[in-house]
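Hey, can you work out the whole structure from these sequences and the hints?
What follows is the residue order along each chain.
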Amino acid sequence: MTTEREFLISPGPHLWRGLSVSQIMYFVVIALMFPTGAAIYFFGYRALSVIGVSVATAVLTEYVCKKLRGQAFVMDGSAVVTGLLLGLILPPTIPLWMVAIGSIFSISIVKEAFGGLGHNIFNPALGARAFMTVSFSAQMTTWVLPMGFGADAVTSATPLSGVSDWQQFDPSAYQAMFMGNTAGSLGETSALLILIGGILLLGLGIINWRIPAVYIGMVALMAVALGQDPLFHILAGGLMLGAFFMATDYVTSPLTNRGKIIFSVALGVLTVIIRQLGGMPEGVCYSILFMNAITPLIDRYTKVRPYGLVERVESAS
Amino acid sequence: MNKLGVRLKKKGTPYGVKVPESKLTAKSPIERAPLPEKVIIPLHQNIGAPCEALVKRGDKVLTGQKIGDSEKYVNAPVHATISGEISGTTIVVNPPTAQPIEALVVTSDGADEWVELDVPKNPEALSVKEILDRIRGAGLVGLGGAAFPTHVKLSPPKGTKIDTVILNGCECEPYITSDHRVMLEYGEKVLSGLNIIRKVLSPDTIYIAIEDNKDDAIDHMEELIVAMGLKEDFKIIPLKSKYPMGAEKVLTKMILGREVPIGGLPLHIGVVVHNVSTAKAIHDAVFEGKPFIERVVTVTGAVKNPKNLLVRFGTPLRSLIDYCGGIEGKANEVVLGGPMMGFSQFDLDFPVIKGTNGVIVKESTPIREQDCISCGKCIEVCPMYLMPTVFPRYVKAGRYDACKEAYIDDCFECGACAYTCPANIPIVQYIKVAKRELTKRAANK
Ligand code: SF4
Ligand code: SF4
Numbered sequence: 012m013t014t015e016r017e018f019l020i021s022p023g024p025h026l027w028r029g030l031s032v033s034q035i036m037y038f039v040v041i042a043l044m045f046p047t048g049a050a051i052y053f054f055g056y057r058a059l060s061v062i063g064v065s066v067a068t069a070v071l072t073e074y075v076c077k078k079l080r081g082q083a084f085v086m087d088g089s090a091v092v093t094g095l096l097l098g099l100i101l102p103p104t105i106p107l108w109m110v111a112i113g114s115i116f117s118i119s120i121v122k123e124a125f126g127g128l129g130h131n132i133f134n135p136a137l138g139a140r141a142f143m144t145v146s147f148s149a150q151m152t153t154w155v156l157p158m159g160f161g162a163d164a165v166t167s168a169t170p171l172s173g174v175s176d177w178q179q180f181d182p183s184a185y186q187a188m189f190m191g192n193t194a195g196s197l198g199e200t201s202a203l204l205i206l207i208g209g210i211l212l213l214g215l216g217i218i219n220w221r222i223p224a225v226y227i228g229m230v231a232l233m234a235v236a237l238g239q240d241p242l243f244h245i246l247a248g249g250l251m252l253g254a255f256f257m258a259t260d261y262v263t264s265p266l267t268n269r270g271k272i273i274f275s276v277a278l279g280v281l282t283v284i285i286r287q288l289g290g291m292p293e294g295v296c297y298s299i300l301f302m303n304a305i306t307p308l309i310d311r312y313t314k315v316r317p318y319g320l321v322e323r324v325e326s327a328s
Numbered sequence: 091m092n093k094l095g096v097r098l099k100k101k102g103t104p105y106g107v108k109v110p111e112s113k114l115t116a117k118s119p120i121e122r123a124p125l126p127e128k129v130i131i132p133l134h135q136n137i138g139a140p141c142e143a144l145v146k147r148g149d150k151v152l153t154g155q156k157i158g159d160s161e162k163y164v165n166a167p168v169h170a171t172i173s174g175e176i177s178g179t180t181i182v183v184n185p186p187t188a189q190p191i192e193a194l195v196v197t198s199d200g201a202d203e204w205v206e207l208d209v210p211k212n213p214e215a216l217s218v219k220e221i222l223d224r225i226r227g228a229g230l231v232g233l234g235g236a237a238f239p240t241h242v243k244l245s246p247p248k249g250t251k252i253d254t255v256i257l258n259g260c261e262c263e264p265y266i267t268s269d270h271r272v273m274l275e276y277g278e279k280v281l282s283g284l285n286i287i288r289k290v291l292s293p294d295t296i297y298i299a300i301e302d303n304k305d306d307a308i309d310h311m312e313e314l315i316v317a318m319g320l321k322e323d324f325k326i327i328p329l330k331s332k333y334p335m336g337a338e339k340v341l342t343k344m345i346l347g348r349e350v351p352i353g354g355l356p357l358h359i360g361v362v363v364h365n366v367s368t369a370k371a372i373h374d375a376v377f378e379g380k381p382f383i384e385r386v387v388t389v390t391g392a393v394k395n396p397k398n399l400l401v402r403f404g405t406p407l408r409s410l411i412d413y414c415g416g417i418e419g420k421a422n423e424v425v426l427g428g429p430m431m432g433f434s435q436f437d438l439d440f441p442v443i444k445g446t447n448g449v450i451v452k453e454s455t456p457i458r459e460q461d462c463i464s465c466g467k468c469i470e471v472c473p474m475y476l477m478p479t480v481f482p483r484y485v486k487a488g489r490y491d492a493c494k495e496a497y498i499d500d501c502f503e504c505g506a507c508a509y510t511c512p513a514n515i516p517i518v519q520y521i522k523v524a525k526r527e528l529t530k531r532a533a534n535k
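Chains as they are written, first to last, in my numbering: chain A, 12 to 328; chain B, 91 to 535.
If you're looking for bench data, these hints aren't it; they were derived computationally from the structure.
Since we're looking at a predicted model, the values are computed, not measured.
Do not rely on the hints blindly, as some may be mistaken.
Pairs of lysine-lysine, DSS-like flavour, derived with a Cα cap of 30 Å [what the hints assert, rightly or not]:
| no. | chain 1 | residue 1 | chain 2 | residue 2 |
| --- | --- | --- | --- | --- |
| 1 | A | Lys314 | B | Lys101 |
| 2 | A | Lys314 | B | Lys530 |
| 3 | A | Lys77 | B | Lys486 |
| 4 | A | Lys314 | B | Lys525 |
| 5 | A | Lys314 | B | Lys494 |
| 6 | A | Lys314 | B | Lys108 |
| 7 | B | Lys330 | A | Lys314 |
| 8 | B | Lys343 | A | Lys314 |
| 9 | B | Lys486 | A | Lys78 |
| 10 | A | Lys314 | B | Lys248 |
Dropping the structure here:
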C-alpha cells in the first residue's frame, strides 16, 4: 500500500500563500494597462512606439545584465513594469533612441548596478526620467495636445508648465484633466484610468492604501494652505500615477506602516514645494526620488515595537 | 445569535494570515483506530527530562501500565498502550529536535488487557495535591503541540496569582480537527476537566476561546455550559478565524489585552492557557483514573478517506495511513502536526506520540527563494510585531547578535511570515538557524 514511496523532508511552514513576486509584477502590469490604454487613445502611434521601445529595451537590458553577471535571467515581470512606467512618464514626442537610452539607464544603472530587484535604492523608471531630463532637456519638456491616431501633433503647455500662471487656470478644463484629454506625459494625463488601475491593486492587496491616500491628501492640504486649488494640484502632472504606481514601489518605500505614512506626508509636502519654488514644474518625480534616498533612514527610525516589550522578564522557564 | 441568545461579540486581529482551512474531517465522527500488533513508545515525549525504562525485554505488560518514569519534576511518565510483551528497544528520531530517542517496543498479545484503574471513590473530594499527582501519574502533557507536562503548568511558582484561565479551542492550524471533534463529542468531559483546572488554580475568570469556523462547537459548548449550570463561571469567546489565533501569546492579547513579556510565559501575567483536549484528558486521568495512552489524531490530506482517529500512542504512522485507505496521488510528504508548525517525517514506522494531533499527507511544495523585495508583508502579519524580513538578512551575514537585538526570542515560529512572503524566503528556517546558534553561544559563555 503506502510502503514503497520516497518521502521528502522540508522546513515549515508547509503551506505557501502562492502570491509570488512575479505574479505581483504581472498584476501591476495588468493595472498599468488602464493608463497605457489612455495613452494610446490620446496619443496614438506615438504612445505605442514609445512604450513599446521602452518595454522591449528594458527586458533586453535586464537579460544582458543578468547574463553579464552570470546570473539566471528570470522573466519576473519587474523589467516590464519598469519599461511600462518609464514609457508612461515620457512626453509623446520624445525621439525613440532617447527612450531606448533612458530604458537602458533605468535597468542597468538604477537597478542592476545596485544589485538588481530588491537592492535598488531608487525607483528605476523615475531615476531614468531624471537622467533624461538632465540629458535631453529640450525634448523632455516639449508637450503636445492629444492627437489620437490621425491628427498632427500641436505643441502646447502642460497645465503645470507655468507655475505662476496657474492661478488663472480655467476650471472648466478639470474634466479634460480627469479624463486625460490634455497635454502631458503619455500615461499621466488620465486621472480616471490611473485611478481604476490603482483601485485594482488596492483591491488585490498588492499596494498599501496608506501611500496614495496620504500622499494625495497631503498635496491637497498643502494646496489649501497655500490658497491654491487642491483639485488642480491633484489632477495635474504626474501625481496620480506617482502616488499609485511609483511611491508604492515595495523596494524603494519604507517597510512599516508608520514609515509609509511619514514617507507619504513628506512626499506631499515636497511635491507642492517643488511645484511652487522649483524651476521644474514637476515635483512628483524629484520628491519620490528624494524620499527613496531617505527610505533607509525612515526604516531605521520606524521599527515596530515587538509584542511583550512592556517589561522584560529575565529568567524564563 | 444562537438559540440561547448569549453570544459575545467576536474578536479579531489584524495580524496573522488567512490560510485555506482544508478541514476535510470537520464532520467526521471520531473513530477508534484498530489496535496495532506492536507499538513503539519513545521514552521522551515531553518538554523536559526523558524517562528511564521501568521494564526490560521479555517483561509482560498490561495496557496502561507505567513503563517509563523519571525522578525529575519536569517530566511525564509513559505507559504501555497495549497489552503484551516488551520485545525490545529501538531508536527513533523525532523531527523537531532531530535527537535520537530510545524507545520501547511492545508486541501485542491481542487481548488489550488493562491494568486495574484507580477510580476515585469521591472525585469531588480530591485535594489539589491528589489531583496533581494523578495528572502526573497519568503522564499528561499539553496536547496543543508543545507537549509540556500538564502538572507543571498547573503548579505556578509560589506567589504567582493566576487570575485567568483560557481554555483553548481555537485549533487555528489548517486541516486539523481533533480538538473540534473532542469538543463536539466529549464536551462534558472537557468542561469537567476545566472544572478540575479551576479547582487547582482558582482563577477569577475562565474563558473558552473557539474560532468561528467551528460554530457547531461554539453552540454545543454553550448549551452544555448552560445545562451544567456553569453559565456564570465559563465565558465562551468566539474569535474570527485567523492563523495563529490559537497561540497562547496571541490569545492573552486578544482576550485580555495583556502581552506576555518577551521570553516570558503567560503565567507571568497571571494567565494559564490549556488546550481543550488536555482538559478532556485531565478529566479522564482524575475522575476515571485512566493513564494517558491515546488521543484523537486527524489523518488527512492526500489519503483516500481522511478521518479523525482515536489512536493509541506508539501506533506507526503507516498503519494509520493504511487504515485511511492509503495515499492518493503524487503526495510525497508526511507532516506531523499542522501544516504551518508541523514537521515532516520521512519514516512511516515513526509512532504517534503524545504531541501528535495530526498526520497530513501532501505534495511537497518546493521552495524557490528569491531576494527580499522589502514589501513589508511579513511585518504586517507577524503576530509578535517583529520585522521578520531582517532575520534572513542577518543570518546570511552571520550577524546573530543583530537577530537578538531584533527580538528573535519573541518569535514562536508560527510561519505566518514565510507563508505570506512573495519572495518565498524560508524565513522560519533562518530564524531556527539563528536561534540554534545563539543558544550554542550562550552555552559556551
Ligand atoms: S517572525 Fe516568528 S512569530 Fe513572527 S510571523 Fe515569523 S514565525 Fe511567526
Ligand atoms: S515578505 Fe518576504 S519579500 Fe516581503 S519584506 Fe518580508 S521577507 Fe521581504
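Hints and how they fare:
{"no.": "1", "hint": "A:Lys314 - B:Lys101", "verdict": "26 Å, holds"}
{"no.": "2", "hint": "A:Lys314 - B:Lys530", "verdict": "28 Å, holds"}
{"no.": "3", "hint": "A:Lys77 - B:Lys486", "verdict": "22 Å, holds"}
{"no.": "4", "hint": "A:Lys314 - B:Lys525", "verdict": "21 Å, holds"}
{"no.": "5", "hint": "A:Lys314 - B:Lys494", "verdict": "15 Å, holds"}
{"no.": "6", "hint": "A:Lys314 - B:Lys108", "verdict": "24 Å, holds"}
{"no.": "7", "hint": "B:Lys330 - A:Lys314", "verdict": "28 Å, holds"}
{"no.": "8", "hint": "B:Lys343 - A:Lys314", "verdict": "20 Å, holds"}
{"no.": "9", "hint": "B:Lys486 - A:Lys78", "verdict": "24 Å, holds"}
{"no.": "10", "hint": "A:Lys314 - B:Lys248", "verdict": "37 Å, violated"}
Of the numbered hints listed earlier, the single one contradicted by the structure is hint 10.
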